[in-house]
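Letter by letter, the chains look like this.
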Amino acid sequence: MTRDLRMRWLTPALALLIAVGLSACSSFAPNTIFGAHSEFGHSVDVLTRRLLYAGLVVFVLIETLLVVILVRYRERDGNREAKQFHGNSTLEIGWTLIPAVILAFIAVPTIKTIFKTQAKATPGALQVEVIGHQWWWEFRYPQYGIITANELYLPVGRTANFALTTKDVLHSFWVPKLNGKRDLISNHTNYIWFTPDSAYAWNGFCAEYCGTSHANMRFKVFTVPPSEFDAWVAHQKTNAIGSALPAPAIAKADTGKAAQPPAPAAVAPTPVMNVSDTMSATFPRANLPEWVIPKTPTPAHLAFDQSVTGNVTRGATLFKTAPCIACHSVRGVPTAAGIIGPNLTHVGSRTTIAGGLYPNDLRHLQLWIKNAPEMKPGSLMPLFGKNEKGATPGVYTDQQIADLAAYLSSLK
Amino acid sequence: MATTVSLPATPHREPSHRYESGVWSWLATTDHKRIGQLYLYTSLFWFLVGGIEAGIIRTQLYGPNQHLVSAQTYNELFTMHGTTMIFLVVMPLSAAFFNFLIPLQIGARDVAFPRLNAFSYWIFLFGGLFINFSWFLHAAPNGGWFGYAPLTTRPFSPGLNIDFWVLGLQILGISSLAAGFNFITTIINMRAPGMHFMRMPIFSWMAFITQFMIVLAFPIFTVALTFLMLDRFFGTNFYEIQAGADPLLWQHLFWLFGHPEVYILILPAFGLVSEVLPVFSRKPLFGYPVMVYSGILIAFLGFGVWAHHMFAVGMGPIADSFFSITTMLIAIPTGVKIFNWLGTMWGGSLRFTTAMKFAIALVALFTIGGISGVMHSSPPSDLQQTDSYFIVAHFHYVLFGGSLMGLFAGLYFYYPKITGRLMNEKLGSWHFWLTAIGMNLTFFPMHFLGLDGMPRRISSYDAGQGWENNNHLASYGAALIIIGTVFFVYNWFASMRKGAVAGNDPWGGATLEWAIPSPPPDYNFATIPQVTSRYPLWDRKSPQITSEVPHGTRDEQKMEVKIAGQSTGTAPAPADTRLNAPNAHPSAKQLGINMPTPTIRPLLAAFFLGCVFVGLIAHRNLTIMFIAAGLFVLSLYSWLLTPLEPEHH
Numbered sequence: 063m064t065r066d067l068r069m070r071w072l073t074p075a076l077a078l079l080i081a082v083g084l085s086a087c088s089s090f091a092p093n094t095i096f097g098a099h100s101e102f103g104h105s106v107d108v109l110t111r112r113l114l115y116a117g118l119v120v121f122v123l124i125e126t127l128l129v130v131i132l133v134r135y136r137e138r139d140g141n142r143e144a145k146q147f148h149g150n151s152t153l154e155i156g157w158t159l160i161p162a163v164i165l166a167f168i169a170v171p172t173i174k175t176i177f178k179t180q181a182k183a184t185p186g187a188l189q190v191e192v193i194g195h196q197w198w199w200e201f202r203y204p205q206y207g208i209i210t211a212n213e214l215y216l217p218v219g220r221t222a223n224f225a226l227t228t229k230d231v232l233h234s235f236w237v238p239k240l241n242g243k244r245d246l247i248s249n250h251t252n253y254i255w256f257t258p259d260s261a262y263a264w265n266g267f268c269a270e271y272c273g274t275s276h277a278n279m280r281f282k283v284f285t286v287p288p289s290e291f292d293a294w295v296a297h298q299k300t301n302a303i304g305s306a307l308p309a310p311a312i313a314k315a316d317t318g319k320a321a322q323p324p325a326p327a328a329v330a331p332t333p334v335m336n337v338s339d340t341m342s343a344t345f346p347r348a349n350l351p352e353w354v355i356p357k358t359p360t361p362a363h364l365a366f367d368q369s370v371t372g373n374v375t376r377g378a379t380l381f382k383t384a385p386c387i388a389c390h391s392v393r394g395v396p397t398a399a400g401i402i403g404p405n406l407t408h409v410g411s412r413t414t415i416a417g418g419l420y421p422n423d424l425r426h427l428q429l430w431i432k433n434a435p436e437m438k439p440g441s442l443m444p445l446f447g448k449n450e451k452g453a454t455p456g457v458y459t460d461q462q463i464a465d466l467a468a469y470l471s472s473l474k
Numbered sequence: 154m155a156t157t158v159s160l161p162a163t164p165h166r167e168p169s170h171r172y173e174s175g176v177w178s179w180l181a182t183t184d185h186k187r188i189g190q191l192y193l194y195t196s197l198f199w200f201l202v203g204g205i206e207a208g209i210i211r212t213q214l215y216g217p218n219q220h221l222v223s224a225q226t227y228n229e230l231f232t233m234h235g236t237t238m239i240f241l242v243v244m245p246l247s248a249a250f251f252n253f254l255i256p257l258q259i260g261a262r263d264v265a266f267p268r269l270n271a272f273s274y275w276i277f278l279f280g281g282l283f284i285n286f287s288w289f290l291h292a293a294p295n296g297g298w299f300g301y302a303p304l305t306t307r308p309f310s311p312g313l314n315i316d317f318w319v320l321g322l323q324i325l326g327i328s329s330l331a332a333g334f335n336f337i338t339t340i341i342n343m344r345a346p347g348m349h350f351m352r353m354p355i356f357s358w359m360a361f362i363t364q365f366m367i368v369l370a371f372p373i374f375t376v377a378l379t380f381l382m383l384d385r386f387f388g389t390n391f392y393e394i395q396a397g398a399d400p401l402l403w404q405h406l407f408w409l410f411g412h413p414e415v416y417i418l419i420l421p422a423f424g425l426v427s428e429v430l431p432v433f434s435r436k437p438l439f440g441y442p443v444m445v446y447s448g449i450l451i452a453f454l455g456f457g458v459w460a461h462h463m464f465a466v467g468m469g470p471i472a473d474s475f476f477s478i479t480t481m482l483i484a485i486p487t488g489v490k491i492f493n494w495l496g497t498m499w500g501g502s503l504r505f506t507t508a509m510k511f512a513i514a515l516v517a518l519f520t521i522g523g524i525s526g527v528m529h530s531s532p533p534s535d536l537q538q539t540d541s542y543f544i545v546a547h548f549h550y551v552l553f554g555g556s557l558m559g560l561f562a563g564l565y566f567y568y569p570k571i572t573g574r575l576m577n578e579k580l581g582s583w584h585f586w587l588t589a590i591g592m593n594l595t596f597f598p599m600h601f602l603g604l605d606g607m608p609r610r611i612s613s614y615d616a617g618q619g620w621e622n623n624n625h626l627a628s629y630g631a632a633l634i635i636i637g638t639v640f641f642v643y644n645w646f647a648s649m650r651k652g653a654v655a656g657n658d659p660w661g662g663a664t665l666e667w668a669i670p671s672p673p674p675d676y677n678f679a680t681i682p683q684v685t686s687r688y689p690l691w692d693r694k695s696p697q698i699t700s701e702v703p704h705g706t707r708d709e710q711k712m713e714v715k716i717a718g719q720s721t722g723t724a725p726a727p728a729d730t731r732l733n734a735p736n737a738h739p740s741a742k743q744l745g746i747n748m749p750t751p752t753i754r755p756l757l758a759a760f761f762l763g764c765v766f767v768g769l770i771a772h773r774n775l776t777i778m779f780i781a782a783g784l785f786v787l788s789l790y791s792w793l794l795t796p797l798e799p800e801h802h
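As given, the protein sequences belong to chains A and B, one line each in that order.
Residues 63 to 474 (this note's numbering) are what the first sequence spells out, left to right.
Residues 154 to 802 (this note's numbering) are what the second sequence spells out, left to right.
None of these hints come from the bench; they were simulated from the model.
Just so you know, not all the hints are guaranteed correct.
To be verified - Straight line, CA to CA, 20 Å or less: simulated SDA-like cross-link-like pairs of lysine to any residue:
hint, chain 1, residue 1, chain 2, residue 2
1, A, K178, B, G469
2, A, K174, B, F475
3, A, K229, B, P308
4, A, K382, A, Q462
5, A, K229, B, L402
6, A, K178, B, I478
7, A, K174, A, L114
8, A, K357, B, G216
9, A, K145, B, V702
10, A, K174, B, S474
11, A, K182, B, M468
Let's have the full structure, built from the sequences with the hints guiding it.
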């Protein structure tokens with residue numbers, strides 16, 4: 063009798079597991095691979111669902127058979143002896159052939175999809191160069207001469223062809239809602255292409271372990287209507303408003319009328335857009351979905367003097383000779399031509415900093431400049447805050463850092 | 154049910170020798186059963202260490218943006234969790250069974266090279282300690298168990314971390330290779346008369362196949378690691394990207410080893426389950442020949458699927474298609490095994506001992522891992538799954554739901570043979586249910602995490618990504634597994650003192666190891682048995698079970714197993730507790746059996762060989778290296794010049 067009772071345990075136990083499994087399948091899944099928003103995603107979606115359903119059928123069959131066997135052939139009080147047989151050729155041939163047939167049903171669409179998704183991209187495709195760095199993303203649009211970081215803008219309905227390379231170790235380019243992964247391999251260029259089919263904002267991740275801050279190498283993708291994409295391109299091709307300073311009034315009043323063409327003759331004078339154009343050229347912050355805004359808490363012991371306010375002009379002056387320029391470029395500032403770190407030409411227009419780890423606002427920028435290694439483990443950017451503890455000594459007071467942050471924020 | 158033998162009224166004791174008891178008897182042992190136990194306890198220790206690492210990982214990932222440990226430490230933890238569980242737990246736990254069981258199952262007195270066997274263990278122990286010593290220097294390996302170049306090259310990992318990993322795995326590789334050759338030789342040459350290959354117990358078969366895989370796969374890994382070692386220590390450019398190296402060289406070499414390694418980890422567990430299921434179903438294994446052939450086929454195909462780990466590296470459509478098809482093909486022999494296990498139970502009289510429960514769990518859970526495996530055999534679909542938590546879920550269903558469940562089944566099944574006592578079934582049941590429920594609670598939600606876009610190997614994740622609930626569940630599950638393990642550890646040690654005396658054959662086993670006392674005398678069989686079918690013991694005790702199984706036509710006489718000069722009868726006799734008293738059986742010397750003498754030399758050789766690696770990691774200290782190498786050669790000579798057997802024979 064006890065044995066019977068114990069057997070009655072098994073079914074509820076399995077039912078419980080299935081219930082847990084289903085409840086775990088929470089409805090809120092902003093990064094799910096299902097229902098992808100590109101034609102690449104659709105092909106994969108169809109295939110994955112076929113695999114999933116075939117797998118579920120096999121799963122249910124085998125586990126049901128197992129439970130039936132466990133219940134039906136358990137040792138009873140009567141100590142019934144087993145029926146003796148040790149093989150059955152027909153059965154064994156059967157359960158070799160049937161899986162083979164099921165696999166054929168999977169293999170054929172698999173091969174078709176491989177060749178479809180790995181064909182050459184259409185000739186008119188938007189070319190994007192993706193360059194991996196420990197631990198941030200560099201995006202270049204060679205057709206437009208744009209270099210940006212950690213945020214991609216893609217026009218809806220136009221194929222984007224990505225050429226993937228890395229400056230250091232391996233990384234992998236992944237936007238679950240748009241495309242499958244493609245690795246960034248040293249000394250090698252990889253390609254992947256897809257065509258976004260709707261306008262929205264998406265999360266992207268590095269999916270190949272790349273060292274200390276692998277978890278903090280994220281990016282955002284904004285798929286926008288073609289007209290907005292064109293506006294964004296036009297804006298990115300200009301020099302940032304802030305870089306053309308001296309007028310501190312601009313950043314404060316946001317009028318834009320005082321903007322001057324960039325001083326150095328080396329840079330071709332380009333028209334500076336007015337602020338309303340600037341705003342429409344970037345994805346409107348108010349429309350950002352909650353889950354593309356980073357919520358990473360800042361390190362508890364990293365403090366910043368809240369009483370200081372940054373001055374854009376002082377920040378601009380300081381920036382020209384600051385150590386920042388060894389690694390960062392700002393188009394329009396001739397001294398700032400570093401290529402190790404992200405290009406900061408339009409850093410103020412981005413929604414995140416530090417490889418998608420923090421939202422791009424004054425407070426996070428200030429803390430970031432003050433002590434980047436504390437904000438992001440392994441960060442190759444050294445700390446700059448005076449009296450901060452770290453591998454290298456910092457030089458700047460909170461006031462100077464606030465000025466720098468104000469300047470960088472003004473680079474819309 | 155238990156058979157016994159009549160014993161001499163007063164057990165005669167040999168004059169004591171320093172190698173016969175105490176620590177020395179373990180340090181100098183060449184007895185395969187003792188070496189098996191050394192492997193067993195060492196790997197169970199590392200299992201606890203690897204489990205603690207997993208516990209910290211699950212605590213960190215319980216909620217978003219948590220920092221119980223730093224990103225750096227987290228990376229060390231997941232690297233060491235993987236490395237430990239693969240190389241220091243599942244492989245050596247399988248090796249414990251190879252050592253303990255193969256000679257007993259094939260009717261031999263020891264392995265072919267008993268001292269090489271001891272050397273394999275000591276070098277394994279040394280490798281495990283070496284790689285874990287890094288924790289004390291705050292330089293634990295942090296490149297992942299897969300160690301992808303160029304992250305593991307000197308420019309990107311300047312510290313000692315990867316040095317420990319490269320050299321530690323080199324040391325462990327020596328152990329696996331030496332053991333592999335040893336077992337292959339043992340199985341080919343030392344089977345009892347009448348034990349044709351198709352009469353060999355299925356565990357020994359799977360072990361045999363596994364050894365070939367080790368011997369063929371580990372040299373590839375050794376080459377890959379040697380390249381990396383040369384790069385890191387001697388300035389070569391195999392993986393140095395600044396010198397134009399192609400880092401995919403590492404990936405191909407690694408996975409050409411790494412995929413067969415998966416089958417090296419799972420086939421021994423398959424073998425154990427194939428021993429447990431028939432005994433507790435009171436039926437012969439369904440389709441024995443097909444089980445053997447499917448094992449061989451899995452091993453063979455296992456060498457042709459490696460690049461399915463690399464669908465995202467951009468190999469091109471032809472290579473992707475090829476490796477996709479081979480990967481799908483390997484599902485067929487694996488599926489056949491599942492169906493044959495179901496066939497074994499079908500019509501049986503199932504007894505749900507703890508060992509049986511774990512064996513059934515393997516069938517139920519490995520199926521899930523197998524199905525998700527087929528899902529990522531399709532490259533376009535795999536591009537969405539690879540390097541996400543879906544993969545973490547998949548391979549834990551294979552390695553935990555498969556390998557570990559099978560190994561636990563084996564531990565409960567063979568515990569009485571190893572210790573002479575039975576494990577407590579009630580505690581065993583607690584262990585089983587906590588582990589089985591905890592395991593599913595931990596790893597099933599990870600399928601959803603992966604499909605919801607959570608990448609692998611991340612030390613923390615942001616809030617509001619829809620990942621919180623499933624991570625909570627996974628962490629609760631890990632806690633259940635840890636509680637279950639506490640039951641297991643307690644049960645293990647408590648049963649050793651308080652467990653019921655097992656007798657020769659507590660389960661009604663079918664194969665030779667159940668014919669001899671528990672624990673077996675050092676010489677195993679007083680007379681080498683004569684074998685006439687796959688299930689010699691059932692032939693004697695329950696002939697109705699084996700009536701359908703093929704038997705030899707020429708050598709029809711039934712098996713004879715002699716212990717202490719007495720034939721083991723079929724008549725049940727009251728269990729004799731003296732069986733468990735030490736030296737209750739007459740010694741090998743009394744029976745005139747030549748057994749290998751204990752010797753400390755394999756331990757010395759292993760120690761000095763290990764010291765060569767210590768010299769390398771201690772800033773390439775050539776003095777240490779040359780002295781250690783010299784002592785290694787000396788101890789080898791000393792080993793070779795010491796006769797294997799006592800001289801007075």
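**Hints breached by this structure** = Going through the list in order, the structure violates no hint and respects every one.
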